[in-house]
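Protein chains in written order, with this note's numbering: chain A, 1 to 152; chain B, 1001 to 1144.
In short, the hints are calculated from the structure, not lab data.
Any given hint could be a false lead.
Claimed, not checked - When the alpha-carbon atoms are kept at most 27 Å apart in a straight line, the in silico DSS-like pairs for lysine-lysine are as follows:
| id | chain 1 | residue 1 | chain 2 | residue 2 |
| --- | --- | --- | --- | --- |
| 1 | A | Lys-45 | B | Lys-1060 |
| 2 | B | Lys-1075 | B | Lys-1026 |
| 3 | B | Lys-1075 | B | Lys-1050 |
| 4 | B | Lys-1144 | B | Lys-1050 |
| 5 | B | Lys-1144 | B | Lys-1026 |
| 6 | B | Lys-1050 | B | Lys-1026 |
| 7 | A | Lys-73 | B | Lys-1050 |
| 8 | B | Lys-1144 | B | Lys-1075 |
| 9 | B | Lys-1060 | B | Lys-1050 |
| 10 | A | Lys-45 | A | Lys-73 |
| 11 | A | Lys-45 | B | Lys-1050 |
| 12 | B | Lys-1075 | A | Lys-73 |
Stated by the list, open to error - Among the chain B residues that face chain A by a calculated CB cut under 7 Å, a handful are:
| id | residue |
| --- | --- |
| 13 | Thr-1047 |
| 14 | Leu-1058 |
| 15 | Arg-1061 |
| 16 | Phe-1063 |
| 17 | Pro-1066 |
| 18 | Gly-1074 |
| 19 | Glu-1076 |
| 20 | Leu-1090 |
| 21 | Asn-1091 |
| 22 | Asp-1111 |
| 23 | Met-1115 |
| 24 | Ser-1119 |
As the list claims (entries may be wrong) - Calculated from the model, a selection of chain B residues having no Cβ within reach of chain A, i.e. all distances over 10 Å:
| id | residue |
| --- | --- |
| 25 | Asp-1036 |
| 26 | Asn-1103 |
| 27 | Ser-1124 |
| 28 | Leu-1125 |
| 29 | Ser-1135 |
| 30 | Gly-1143 |
Where a beta carbon is used, it is the ideal one built from N, C-alpha and C, also for glycine.
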Amino acid sequence: MRMLLKALPVVLLSFFIGLAQAAELALLTRFVPGRSLDEVTATLKQAITSHNFTFVREQAIDSRLVPVDWEAKSVRIVYFCNFNMMDAALRRDLRTAQIMPCRVTLIEGRQGIEMVAVNPAWVSEQWNAPDLQPHCLRLKQDYLAILEEAAL
Amino acid sequence: MKKFVLALALIAAFAQAAASPVSSSKSANMQTALDDLSVALLDHGYTLVKVQPVDQALVKRGFADPGIRLVFVGKEAHVRQALAEDPALLNLLPLRLTLESDNGRVRISSDDLAMWRESRPTASLVLQQWEDELSAILSDYAGK
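Start from the sequences and build out the full structure, keeping to the hints where you can.
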């Protein structure tokens, strides 16, 4: 019994770490029905700018991996960034390069466009980096706002 | 009790080790590192898709040089594998490598694919294959 009691803090700590790690989903998604890839790309770029980010580039998922004519027409990547945030993030932790630049993947289906982004708050959870978590949560909110606006 | 705590510590240590991204380092400047990496990529059937000069972009805007460049790399087969196994993997493509210049050395590291393997077990074989390929490329980079 005494052994169990001694082990209790470790077990509880592991439990709560597990809970915290399960709190965030890996991907942020928004579905936009009835619109084309070009239309959603255009609204996404507007949303990026209106949230104080800079559009960097857009490309097909297989850009430069196949001849231009063969590129996938249904999966597109849009990259963007905020240089102030980029500078601050790299000063904090160089691992943040792994979530740079910001990116949304657009996937065209029969019913519409799925916009997907990797959730930076999930990434920082996986790194077990509590000091990064508030900043990654803010970036997650920016992503959600951009996706929301692009879906309007 | 000691054994129990030791077992927990070992599990934690292994989990930490498994979560480490693939990386490699050698004496170089950014340009020679990029040149050597390009050769290693070609040798493994990879294409260098894009160099993102984060260092230059930040310096140009008045920020300090972080000594970081991003390189996006891949193979056409990766896209087909992602579509077949788990479209969520498209969010990792093209694969990203981070070049970090520090004191005459350039360290190249991949994104942490281990955390994706854990989160998407059905795609773990594909992710392991990509990680193995990157590991071989970075090993060649270090040897050039």
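Going through the hints against the structure:
Between Lys-45(A) and Lys-1060(B) the alpha-carbon distance is near 23 Å, which keeps this suggested pair within the 27 Å criterion. Proximity of Lys-1075(B) to Lys-1026(B) is assessed by CA-CA distance (about 25 Å); at most 27 Å being required, the pair is judged to hold. For the suggested pair Lys-1075(B) and Lys-1050(B), the alpha carbons sit about 13 Å apart, so the restraint of at most 27 Å is met. Restraint check: the Cα-Cα separation between Lys-1144(B) and Lys-1050(B) comes to about 21 Å, which is no more than 27 Å; the hinted pair holds.
Using a Cα cut-off of 27 Å, the hinted pair Lys-1144(B) and Lys-1026(B) holds, with the two alpha carbons roughly 9 Å apart. A C-alpha spacing of about 22 Å is found between Lys-1050(B) and Lys-1026(B), which places the hinted pair at or below 27 Å, so the restraint holds. Taking the CA atoms of Lys-73(A) and Lys-1050(B), the gap is near 19 Å; set against the 27 Å cutoff, the hint holds. For the hint pairing Lys-1144(B) with Lys-1075(B), the CA-to-CA distance comes to about 22 Å; that is within 27 Å, so the pair holds.
With a CA separation close to 19 Å, the supplied pair Lys-1060(B) and Lys-1050(B) stays within the 27 Å bound. Only pairs whose Cα atoms come within 27 Å are accepted, and Lys-45(A) paired with Lys-73(A) is accepted, the gap being roughly 18 Å. The hinted pair formed by Lys-45(A) and Lys-1050(B) meets the criterion: a straight-line CA distance of about 20 Å does not exceed 27 Å. A distance of roughly 17 Å separates the Cα atoms of Lys-1075(B) and Lys-73(A); the hinted pair therefore holds under the 27 Å criterion.
Because the smallest distance between the Cβ of Thr-1047(B) and any Cβ of chain A comes to about 6 Å, under 7 Å, the interface hint for this residue holds. A least Cβ separation of about 6 Å between Leu-1058(B) and chain A falls short of the 7 Å threshold, and the interface hint therefore holds. This hint holds: Arg-1061(B) has a C-beta 5 Å from the nearest C-beta of chain A, less than the 7 Å allowed. Using the Cβ-Cβ criterion of 7 Å, the hint placing Phe-1063(B) at the interface with chain A is satisfied: the shortest such distance is roughly 4 Å.
At about 4 Å, the closest approach between the beta carbon of Pro-1066(B) and any beta carbon in chain A falls short of 7 Å, and the interface hint on this residue holds. The interface hint given for Gly-1074(B) holds, since its Cβ lies 6 Å from the closest Cβ of chain A, which is under the 7 Å cut-off. Of the supplied interface hints, the one on Glu-1076(B) holds, with its beta-carbon coming within about 4 Å of a beta-carbon of chain A, less than 7 Å. Interface hint status for Leu-1090(B): upheld, as the beta-carbon distance to the closest one in chain A is roughly 6 Å, under 7 Å.
Interface hint at Asn-1091(B): satisfied, since its Cβ lies 5 Å from the closest Cβ of chain A, which is below the 7 Å cut-off. For Asp-1111(B), the shortest C-beta to C-beta distance to chain A is roughly 5 Å, which falls under 7 Å, so the interface hint holds. Checking Met-1115(B) against chain A by beta carbon gives a least distance of about 4 Å; that is within 7 Å, so the hint holds. The beta carbon of Ser-1119(B) comes within 5 Å of a beta carbon in chain A, closer than 7 Å, and the hint placing it at the interface holds.
Interface exclusion of Asp-1036(B) from chain A stands, the closest Cβ pair being 20 Å apart, more than 10 Å. Look at Asn-1103(B): its CB is around 14 Å from the nearest CB on chain A, clear of 10 Å, so calling it non-interface holds up. No beta-carbon of chain A is positioned within 10 Å of the beta-carbon of Ser-1124(B); the least distance is around 14 Å. Distance to chain A confirms Leu-1125(B) as a non-interface residue, since its nearest Cβ pair spans about 18 Å, more than 10 Å.
The Cβ of Ser-1135(B) sits about 17 Å from the closest Cβ of chain A, beyond the 10 Å cut-off, so the non-interface label holds. At the 10 Å boundary, the C-beta of Gly-1143(B) stays outside the reach of chain A, the nearest C-beta of that chain being 24 Å off.
No hint from the list above goes unmet by this structure.
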